[in-house]
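Protein chains: 2
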Amino acid sequence: MKLYDCAVAPNPRRARMFIAEKGLDIPRVEIDILGGENLKDSFLAINPRGLLPVLELEDGTRFDEAMAICRYLEELHPEPPLLGTTPVERAQIECMQRKMEFEGMIATSEVFRNKLDNDSFAYRSLPGVPSPAIPGLVERGTKTLERFFHWLEKYLEDGNPFIMGDRFTMVDITAVCAVDFAKWVDITIPKGNRNSLRWYDEVSARPSASA
Amino acid sequence: MKLYDCAVAPNPRRARMFIAEKGLDIPRVEIDILGGENLKDSFLAINPRGLLPVLELEDGTRFDEAMAICRYLEELHPEPPLLGTTPVERAQIECMQRKMEFEGMIATSEVFRNKLDNDSFAYRSLPGVPSPAIPGLVERGTKTLERFFHWLEKYLEDGNPFIMGDRFTMVDITAVCAVDFAKWVDITIPKGNRNSLRWYDEVSARPSASA
Numbered sequence: 086m087k088l089y090d091c092a093v094a095p096n097p098r099r100a101r102m103f104i105a106e107k108g109l110d111i112p113r114v115e116i117d118i119l120g121g122e123n124l125k126d127s128f129l130a131i132n133p134r135g136l137l138p139v140l141e142l143e144d145g146t147r148f149d150e151a152m153a154i155c156r157y158l159e160e161l162h163p164e165p166p167l168l169g170t171t172p173v174e175r176a177q178i179e180c181m182q183r184k185m186e187f188e189g190m191i192a193t194s195e196v197f198r199n200k201l202d203n204d205s206f207a208y209r210s211l212p213g214v215p216s217p218a219i220p221g222l223v224e225r226g227t228k229t230l231e232r233f234f235h236w237l238e239k240y241l242e243d244g245n246p247f248i249m250g251d252r253f254t255m256v257d258i259t260a261v262c263a264v265d266f267a268k269w270v271d272i273t274i275p276k277g278n279r280n281s282l283r284w285y286d287e288v289s290a291r292p293s294a295s296a
Numbered sequence: 086m087k088l089y090d091c092a093v094a095p096n097p098r099r100a101r102m103f104i105a106e107k108g109l110d111i112p113r114v115e116i117d118i119l120g121g122e123n124l125k126d127s128f129l130a131i132n133p134r135g136l137l138p139v140l141e142l143e144d145g146t147r148f149d150e151a152m153a154i155c156r157y158l159e160e161l162h163p164e165p166p167l168l169g170t171t172p173v174e175r176a177q178i179e180c181m182q183r184k185m186e187f188e189g190m191i192a193t194s195e196v197f198r199n200k201l202d203n204d205s206f207a208y209r210s211l212p213g214v215p216s217p218a219i220p221g222l223v224e225r226g227t228k229t230l231e232r233f234f235h236w237l238e239k240y241l242e243d244g245n246p247f248i249m250g251d252r253f254t255m256v257d258i259t260a261v262c263a264v265d266f267a268k269w270v271d272i273t274i275p276k277g278n279r280n281s282l283r284w285y286d287e288v289s290a291r292p293s294a295s296a
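Protein sequences appear in the order of chains D and F. Using our numbering, read the first sequence as starting at 86 and increasing by one per residue. Using our numbering, read the second sequence as starting at 86 and increasing by one per residue.
One chain only, chain D, in its complex shape:
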């Protein structure tokens, strides 16, 4: 098994954190997205869409979506559970994971990829595809991130250590990756959101956060 990865990219980081939380040791193949290596023929032969992360099994089977990779690894290595232990928990975690992904990760991506002052990405409105920047997405994404931070604080205001309660889950992974990604566009947890700040410090201190 090996993971096609990119150390600086936020989406592969989700898989990397998940793997670290599971205590697994999966060899990494670093692909240089900033240098455009993901769009070269050698990598397009691995993933025709040019996206990362990709998990490759011994028989050559490949999974090219972060959540599919995590779900596969959860099935093989159920402990510690990061995607829930009952059907209800699993559905609740999936609902919340999607919120963190769409309102956090994807909204930040919209802001980052469509800022015209961002030279190396000026023609990358979408990942993996030449697509001109759309400035309106910067404003829309910024507003979505305001909602993301609003809801994050709400989810944590009961004083629980993690978004889903007592237990660290995939939801915290996606959320912390989104928060760190948003820093790239100078958007941070609002100063008054003390539950979110407390949560962020705690999650960032886990060894997996620097995996």
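Simulated from the structure, these hints should not be mistaken for lab results. You can trust all of the hints, since none of them are fake.
Covered by chain F, according to a simulated footprint, are these stretches of chain D (three or more residues, beta-carbon under 8 Å): (1) 153-164; (2) 167-175; (3) 223-235.
Here are the computed lysine to aspartate or glutamate pairs in the DMTMM-like style, where the Cα-Cα straight-line distance is at most 25 Å: (4) F/Lys239 to F/Glu287; (5) D/Lys125 to F/Glu238; (6) F/Lys239 to D/Glu141; (7) D/Lys107 to D/Glu159; (8) D/Lys107 to F/Glu160; (9) F/Lys239 to D/Asp126; (10) D/Lys228 to D/Asp265; (11) F/Lys107 to D/Glu160.
All residues carry an ideal CB built from backbone N, CA and C; glycine is no exception.
Assemble the complex: chain D is given as a structure, and chain F must be docked to it using the hints.
Structure of chain F alone, referenced to chain D:
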């Protein structure tokens, strides 16, 4: 158990098709999205984001994401399997489901919601949130749909009846919902894509397609 649903909306249709394929009978509560019922206080008390579908359990637990709803029902009612029967299959289906969702459903949504001639949605660039239309997304979404149809044809060119092979899965559900949704913006399967056309006819003839 009950499903908050909207008969004309493409995303709730995914859950409805899934439920029909499972042979389940879950009471529906129709919410009139076109009339704005999803953004009124009465529904925001059910789902603060104003989105559909929502599955509500007897104890009041709610799942507000189509895929989480489907995954929950698959766990309770494994037959017929629509999300895979092994860890590898489940991961493969999740990868492909995401492609159909992002390149099909979400790309169509971008075109539909950002067309300025679409009066009732002129201020709904995002579902559930007041957000001005961004005309650049019409072009970007249209190009993404070209890629969606290109790949759909590729996945089917081995002559298999369904996208994942011999067995009908969630991937076919999301894909056919995307194809029908794209008709709303006058984008259809290209005439030369005979495998996709054959697949579309077959999937559309299933009783679940009109559920």
